[in-house]
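> Residue strings, one per chain:
There are 4 protein chains.
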Amino acid sequence: MKILHPESRIVNSWNILIVLTTIYNYIFVPFQMATKGNIIGNSFLGLGFFLDLGFDSILIFDLFLRFNVGYIERGQFVNDKIPVRKNYFQTDFKRHFLSCLPLDIVARLFYPNLEVWIIALLRIPRLLRVFDSFSASKFWEDSINSNPVIVRLLRLLIVIFLVEHWVACTWFLIRNINISFHGYLQALYWSVMTLTTVGYDNIPAGEQTVPELSFTIFVMMLGVTMYAFIIGNVASVITDMNASRSRFREKLDRIQTYLREKKVPQGLQRKVRSYYQYMWEYNRDTSTDFLSVEKYYLNDLPRSLSTQISLCLNQNLIESVPMFKGAEPQFIEQILAKLQPIVLPPEDYVIHEGQIGHEMYFINHGEVQVFSEKDNKVIENMESGAFFGELALLYSVRRTASVKTLTYCELFVLEKNDFSQVMADYPSFADKIQEIAEKRR
Amino acid sequence: MKILHPESRIVNSWNILIVLTTIYNYIFVPFQMATKGNIIGNSFLGLGFFLDLGFDSILIFDLFLRFNVGYIERGQFVNDKIPVRKNYFQTDFKRHFLSCLPLDIVARLFYPNLEVWIIALLRIPRLLRVFDSFSASKFWEDSINSNPVIVRLLRLLIVIFLVEHWVACTWFLIRNINISFHGYLQALYWSVMTLTTVGYDNIPAGEQTVPELSFTIFVMMLGVTMYAFIIGNVASVITDMNASRSRFREKLDRIQTYLREKKVPQGLQRKVRSYYQYMWEYNRDTSTDFLSVEKYYLNDLPRSLSTQISLCLNQNLIESVPMFKGAEPQFIEQILAKLQPIVLPPEDYVIHEGQIGHEMYFINHGEVQVFSEKDNKVIENMESGAFFGELALLYSVRRTASVKTLTYCELFVLEKNDFSQVMADYPSFADKIQEIAEKRR
Amino acid sequence: MKILHPESRIVNSWNILIVLTTIYNYIFVPFQMATKGNIIGNSFLGLGFFLDLGFDSILIFDLFLRFNVGYIERGQFVNDKIPVRKNYFQTDFKRHFLSCLPLDIVARLFYPNLEVWIIALLRIPRLLRVFDSFSASKFWEDSINSNPVIVRLLRLLIVIFLVEHWVACTWFLIRNINISFHGYLQALYWSVMTLTTVGYDNIPAGEQTVPELSFTIFVMMLGVTMYAFIIGNVASVITDMNASRSRFREKLDRIQTYLREKKVPQGLQRKVRSYYQYMWEYNRDTSTDFLSVEKYYLNDLPRSLSTQISLCLNQNLIESVPMFKGAEPQFIEQILAKLQPIVLPPEDYVIHEGQIGHEMYFINHGEVQVFSEKDNKVIENMESGAFFGELALLYSVRRTASVKTLTYCELFVLEKNDFSQVMADYPSFADKIQEIAEKRR
Amino acid sequence: MKILHPESRIVNSWNILIVLTTIYNYIFVPFQMATKGNIIGNSFLGLGFFLDLGFDSILIFDLFLRFNVGYIERGQFVNDKIPVRKNYFQTDFKRHFLSCLPLDIVARLFYPNLEVWIIALLRIPRLLRVFDSFSASKFWEDSINSNPVIVRLLRLLIVIFLVEHWVACTWFLIRNINISFHGYLQALYWSVMTLTTVGYDNIPAGEQTVPELSFTIFVMMLGVTMYAFIIGNVASVITDMNASRSRFREKLDRIQTYLREKKVPQGLQRKVRSYYQYMWEYNRDTSTDFLSVEKYYLNDLPRSLSTQISLCLNQNLIESVPMFKGAEPQFIEQILAKLQPIVLPPEDYVIHEGQIGHEMYFINHGEVQVFSEKDNKVIENMESGAFFGELALLYSVRRTASVKTLTYCELFVLEKNDFSQVMADYPSFADKIQEIAEKRR
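From first to last, the protein sequence lines stand for chains A, B, C and D. With the working numbering applied, the first sequence covers 53 to 493. With the working numbering applied, the second sequence covers 53 to 493. With the working numbering applied, the third sequence covers 53 to 493. With the working numbering applied, the fourth sequence covers 53 to 493.
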């Protein structure tokens with residue numbers, strides 16, 4: 053049998069089964085102890101017996117499976133049989149083995165008339181499997197495809213339900229409620245009513261015995277704590293969820309207030325707001341400078357990864373700019389590292405005719421208009437993949453035309469210095485640019 | 053018909069109507085099912101029938117309207133009929149169409165004696181419109197003029213009320229309460245009492261049936277969760293509200309404690325405190341360096357926008373400083389980019405007589421006093437729009453007089469290096485300054 | 053009469069009186085309406101009448117006082133009578149005037165047998181004064197000497213008590229409880245029990261009338277919201293209180309975990325921990341680099357203030373270092389700006405014999421030992437005010453002795469470059485140092 | 053007797069005893085007052101008398117012990133007898149002396165038939181010791197080895213239990229419940245039920261007396277506040293616990309969303325995720341740049357400490373790299389300061405054959421493969437302690453082979469400039485490298 057990856061689909065599904073088994077045991081062991089097997093029979097042919105048998109066999113099978121599940125050490129998947137088995141033997145094996153010993157079945161074979169609560173007692177080692185459930189839920193919380201909020205709330209829900217169930221079982225025993233499903237529901241009703249601090253009504257204090265009073269006091273205090281825990285978790289979840297959005301709101305609110313107080317005209321305010329919202333949709337992050345997001349993320353990664361991502365992200369640009377087609381990959385890498393992204397709102401001037409230029413532009417997305425300011429004549433409209441401004445860089449002349457945006461535009465800027473450097477390294481690129489520039493002149 | 057902007061006033065108002073219609077359906081469909089039409093009649097001439105008819109026609113009209121509401125794509129308002137219609141057809145149309153099919157009216161035409169709960173059942177597709185309400189509320193939360201806190205709390209309130217109503221309707225059915233408005237109120241009373249965890253009293257557990265007990269248990273747990281959600285939201289709202297204020301408090305507290313511990317004299321402590329409070333009122337933000345706020349905000353914006361804002365903000369200065377009047381806009385832009393704002397408390401020295409100066413000052417707001425330290429004689433008082441310190445920059449001589457603030461002053465500083473640069477680029481500005489300096493000498 | 057400062061002690065005390073008056077009215081107006089004056093008599097000689105009269109006269113006097121309280125505009129205290137009065141007339145006067153019209157007393161003069169609830173109705177304009185209470189509490193929250201946490205909680209407490217009181221009064225009316233103090237207490241008991249979600253028990257729903265049920269439902273929902281608000285506030289208060297401490301804890305925990313995981317020896321770990329705790333006591337701030345705190349705070353302030361504080365803080369050093377005594381203030385300012393503070397743990401080497409030195413040290417606090425490493429002989433112990441290391445700087449020779457700390461030491465370092473610069477500017481200082489260095493050589 | 057360190061084990065254990073004594077007094081003084089000594093006898097031979105006697109003697113002994121416990125002043129442990137005793141005498145002595153006066157025992161000697169509640173009254177000064185408990189719990193919270201979360205929650209729990217106990221004792225007195233343990237439990241049941249807002253049921257309001265009603269109202273309001281406090285604390289604890297993990301989650305979520313939206317291929321996404329998780333395990337901190345963690349922590353510390361830690365951390369490297377063995381410590385220090393850590397994922401190129409190199413690498417952890425790209429032949433596999441890339445640095449030739457990682461690798465980079473500098477300072481090191489390089493060539 054092949055060694056399985058601990059994050060593979062099959063191990064994950066199996067873990068869910070283990071968690072369900074653990075939940076089953078946490079529900080049924082106290083339930084059978086409280087109801088003495090009178091609701092769900094636990095005799096040799098009873099439903100309880102078959103359920104126990106089924107879930108026990110899962111645990112026993114798990115014992116064998118674990119010997120074939122590898123582990124991760126320092127980012128490395130260990131899949132040699134010997135260290136894997138040694139590792140399992142040294143870590144969880146003993147607990148797992150203890151937790152799946154079928155003591156209850158053995159006991160029943162020898163003493164067929166054993167009371168149900170003693171059988172349930174013998175099943176207590178099953179509860180040790182709870183640690184696996186915790187590590188599984190922690191793993192799901194961390195795994196990429198899941199929503200950690202949902203995992204956390206689900207775990208909280210399960211724990212709460214189990215606590216309510218145990219309290220109900222204990223109350224059942226203490227109050228000596230008549231054994232029936234209706235009786236159990238009454239105990240659960242009491243448990244939930246107390247733990248949620250709803251507290252409709254109860255037997256008058258004077259008529260309660262000492263253990264009843266003590267247990268009720270304990271449950272009420274438990275309820276408050278549990279409740280505080282729920283609220284704390286939900287509050288932290290809500291805070292987490294809204295963190296980046298509320299940072300955006302705060303920033304926007306502040307600049308809006310600022311502009312309003314300074315009596316900047318409405319039209320300009322609207323432009324600023326629209327720009328911010330565009331940027332928000334563009335990169336969902338305003339905690340740092342808007343445009344550096346890409347670099348901000350990629351900086352953390354090692355060079356090889358960040359270059360690969362950069363190539364992917366700008367696939368579009370590389371394919372549509374004619375002079376990049378068929379270029380050497382190293383050239384493209386070098387160019388990508390030099391390009392600075394900027395985002396401009398509509399009707400914004402990119403180049404003013406007559407200025408001395410220091411950079412050229414590639415259009416990543418959007419549409420710009422090239423026009424002559426002297427005779428107010430539209431020369432050309434350009435779209436994604438086009439580039440402009442290369443003329444002034446080559447010949448040190450003034451800009452021969454103005455360029456303004458028609459839509460929101462995402463441009464890449466290539467500075468003169470970086471331009472010269474790339475020209476020196478890749479003469480073929482320099483020739484291409486010069487050729488196109490000559491044509492447009 | 054013209055294509056409407058999705059953020060235009062008319063579309064917004066219409067969205068409110070759609071939200072109200074959805075709320076109506078969420079209230080009335082369960083209400084009619086629970087009360088079997090005995091409180092609000094649903095016969096052909098009953099009030100319920102006319103209400104249903106009216107709200108349904110809104111939904112049907114909405115179906116046609118949506119074909120004329122454009123959408124935003126990458127910051128661009130799409131207002132061509134063909135893509136707009138295609139887009140609507142591909143996205144929400146099917147759901148909207150399904151949700152406004154008048155199945156109940158058709159059914160009633162064929163089977164006039166239909167029971168009310170079946171009619172209500174046929175209206176269930178109406179509830180699909182809830183997604184539009186969520187997107188509308190999200191839009192309001194983001195829109196600039198609204199207060200996001202109020203939108204969030206209002207949404208929370210509506211959801212809570214609906215949940216309470218549904219619980220009341222279900223309890224009404226389960227308990228078989230006699231059908232009347234008083235009976236409904238009793239059910240609502242039970243629902244609110246349970247969900248808010250008030251829990252005055254209830255039928256003793258032993259007298260409740262299994263579905264009653266189960267439902268009560270479910271509602272109590274729902275109540276706790278809902279409650280946790282309310283608290284989480286309110287807590288996050290309060291945190292958001294106070295964020296910048298409490299940052300200010302923390303900073304002020306810290307410096308106060310620091311000065312107190314170091315036994316700095318009371319008078320000096322008071323000055324520091326007063327300065328901080330002035331700055332707080334001045335820009336409501338202490339998370340960054342006090343004076344860089346303007347630059348901090350404007351840095352995020354593209355150059356064209358930030359220049360426009362800068363021109364607006366300093367309108368006052370530009371108009372009041374004589375030498376700026378009638379200057380070329382490009383010159384003013386260049387100057388504005390160089391000016392550094394500083395804020396000084398009253399009685400603070402700006403210039404000491406005899407020092408070698410490296411900068412000149414423009415008064416944006418406040419009053420300063422020019423005086424000679426040698427003969428302790430006041431030379432001049434200056435107010436907003438005035439400038440001083442230009443002398444030493446021009447002739448490399450020592451300051452000929454001291455300048456101190458009389459009130460809190462917001463000044464702009466122009467450094468010598470920047471000064472020389474602007475002088476070189478704009479000789480006319482240099483002449484003006486020289487002329488005034490000669491006069492004052 | 054002199055114009056009073058709005059933050060002076062007398063205006064502050066008066067504001068407390070106004071807040072008390074407002075609270076009185078918010079308590080008594082609804083109380084008298086609910087109890088119809090049967091508990092606290094409101095006849096011409098009754099207690100209620102005198103109370104009303106007394107508190108009304110405060111409000112009337114306030115009207116006159118306000119004309120003599122200045123205001124703050126852009127950090128400037130305006131104390132000219134004319135603008136002060138104009139300002140008051142344009143802002144709060146109308147509301148204040150309306151709120152203190154003694155309509156009830158006039159009405160009683162004309163209709164002596166007026167019912168109490170009508171009199172209470174005529175006192176409703178008094179409630180308009182609540183806005184002043186809010187602005188007063190906001191002012192206290194901001195003021196330096198108060199604890200903002202206590203102000204916020206106190207305000208919350210007052211608001212909660214008032215809400216409970218109003219709910220009690222309304223319930224009193226709706227339930228027709230017999231008019232007596234015991235009756236009022238029962239209503240208050242009901243109100244608090246419902247608003248706090250304690251909810252012991254209540255009249256069975258079936259026996260309640262429609263207004264009773266409706267009001268109860270409203271109060272329960274109010275209770276939950278109010279409760280959420282309390283929790284949100286308390287949670288935010290707790291977070292604020294612990295912010296800087298928990299940042300410290302987090303940092304310390306992280307470095308401890310780091311060192312433990314990397315298996316750094318226990319002794320070294322203890323040293324690091326001890327250093328951190330010393331620094332925590334030293335400046336209570338770990339969010340920024342430890343030692344830059346002083347500079348961090350002072351950077352925000354204008355130069356004149358920060359210089360004054362710097363002089364105060366280092367008073368000790370200036371007085372104890374012999375060569376600073378009697379030096380020119382400008383020299384001391386320049387030196388202070390150059391000194392870099394460092395903190396060293398006990399038994400730490402400051403200078404190693406034989407190394408080439410680039411800095412000299414001043415002892416601000418603590419004790420160091422100068423000793424020769426070659427013959428292991430203690431040369432000298434030095435304390436606050438002493439300085440060392442000047443030798444190597446003057447002659448470019450190697451350190452002639454080692455220096456180690458005996459206690460935790462706060463030192464100031466003067467770098468060679470800065471040293472040379474100050475030497476050039478202040479030859480007298482250079483001479484002094486040289487003189488002492490010659491002596492010690 | 054030797055002066056004890058205030059943080060020594062013995063003083064800590066003693067403090068726990070003092071805290072327990074205080075808790076005892078806070079429980080028993082009100083209990084005896086409420087039950088009038090009828091449950092736990094307080095006569096000369098009763099259990100209560102012996103308990104009191106025992107705990108009192110602890111307090112009296114404490115008085116003497118404190119004179120031998122030193123204190124910390126500015127990071128320095130003061131252990132001279134005279135200042136220690138003077139300090140204790142001036143600070144806590146008076147309070148401690150007052151709190152342990154055995155007034156009750158004296159009173160009993162003179163008036164043997166004294167009522168129990170008077171004796172309890174005479175024990176009230178004992179309650180003054182609560183301040184010591186607070187300072188002790190604060191100290192535990194700060195101490196390194198404890199978990200501050202547990203300390204805070206434990207303290208909260210104790211305070212809550214005490215409040216519940218006092219409320220129960222007061223209710224016991226007000227309601228005149230029959231004196232028995234069952235009676236006390238009933239009072240405690242009422243107290244907990246009210247404070248936790250469970251509120252099952254209570255005596256109908258109309259049958260309660262004025263003090264009962266008033267006290268109940270007070271307790272309900274106390275309950276809400278206490279509850280808010282619990283929730284606030286628990287929420288802040290949860291937030292603290294998850295702070296660094298949720299920062300990691302947020303960062304990972306953001307980059308994942310970013311990559312997904314930009315349609316980066318699944319395989320590349322998986323690589324990025326795997327890299328992040330490796331880094332998370334590597335240093336548990338993503339708030340700053342991944343690799344600068346070490347420097348980030350060490351920067352705060354004085355040079356001597358950070359160098360010692362650096363030596364410890366890289367023990368492994370120093371021992372395994374052959375040329376470091378036996379090197380001078382100062383040389384190693386200098387090298388360590390220059391090395392830059394990087395982490396690379398598996399299958400990542402470190403060196404490309406034919407490139408001009410600017411740095412050499414040391415392997416701290418992991419495995420790399422050296423191979424020739426021309427003939428696709430594996431030259432060598434290298435592990436922890438090996439180094440490579442030194443060739444190109446020495447002779448300015450192109451890389452003679454490619455190197456790629458086989459596992460996750462933690463490398464240290466030594467830049468050419470730093471390399472030359474160290475070579476100049478330590479010619480012996482240069483020789484060693486050259487020797488090895490010649491061999492490998």
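These are computed hints drawn from the structure, not numbers from a lab. Among the clues, some could well be false.
One copy or two, it doesn't matter: identical chains are merged, so the pair holds either way.
Unchecked claim - Here are the computed lysine-lysine pairs in the BS3-like style, where the Cα-Cα straight-line distance is at most 30 Å:
hint: 1; residue 1: K484; residue 2: K456
hint: 2; residue 1: K390; residue 2: K190
hint: 3; residue 1: K456; residue 2: K390
hint: 4; residue 1: K315; residue 2: K303
hint: 5; residue 1: K484; residue 2: K146
hint: 6; residue 1: K190; residue 2: K138
hint: 7; residue 1: K429; residue 2: K190
hint: 8; residue 1: K133; residue 2: K456
hint: 9; residue 1: K390; residue 2: K315
hint: 10; residue 1: K88; residue 2: K484
hint: 11; residue 1: K303; residue 2: K190
hint: 12; residue 1: K390; residue 2: K468
In this text the structure is predicted, and so the values were computed from the model without any measurement.
> None of the hints should be skipped; say for each whether it holds.
Structure-based check of each hint:
For the homomeric pair K484 and K456, the shortest alpha-carbon distance inside one copy (25 Å) is at most 30 Å, but the shortest distance between copies (35 Å) is not. Taking the shortest alpha-carbon separations for K390 and K190, neither the intra-copy value of 41 Å nor the inter-copy value of 38 Å comes in at or below 30 Å. Taking CA atoms no more than 30 Å apart as the test, K456 paired with K390 passes in both settings, with 23 Å inside one copy and 26 Å between copies. Proximity of K315 to K303 under the C-alpha cut-off of 30 Å is found in both arrangements, the shortest distances being 18 Å within a copy and 29 Å between copies.
Within a single copy, K484 and K146 get their C-alpha atoms no closer than 71 Å, and across copies no closer than 52 Å, so neither meets the 30 Å cut-off. Taking identical chains as interchangeable, the C-alpha atoms of K190 and K138 lie at most 30 Å apart only when both belong to the same chain, with a minimum of 24 Å there against 45 Å between chains. Taking identical chains as interchangeable, the C-alpha atoms of K429 and K190 are never at most 30 Å apart, the minima being 64 Å within one chain and 44 Å between chains. In the homo-oligomer, the alpha carbons of K133 and K456 lie at most 30 Å apart only across protomers (27 Å), although the nearest pairing inside one protomer, at 66 Å, exceeds that limit.
In this assembly of identical chains, the alpha carbons of K390 and K315 lie at most 30 Å apart only when taken from different copies (22 Å versus 39 Å within one copy). In this assembly of identical chains, K88 and K484 lie within 30 Å of each other by CA distance neither inside one copy nor across copies; the values are 88 Å within and 80 Å between. Taking the closest pair of Cα atoms, K303 and K190 come within 30 Å of each other only across two copies (18 Å); inside a single copy the shortest separation is 34 Å, beyond that limit. In this homomeric assembly, K390 and K468 come within 30 Å of each other (Cα to Cα) both inside a single copy, at 11 Å, and across copies, at 24 Å.
Comparing the model with each earlier hint shows violations of hints 2, 5, 7, 10; every other hint is respected.
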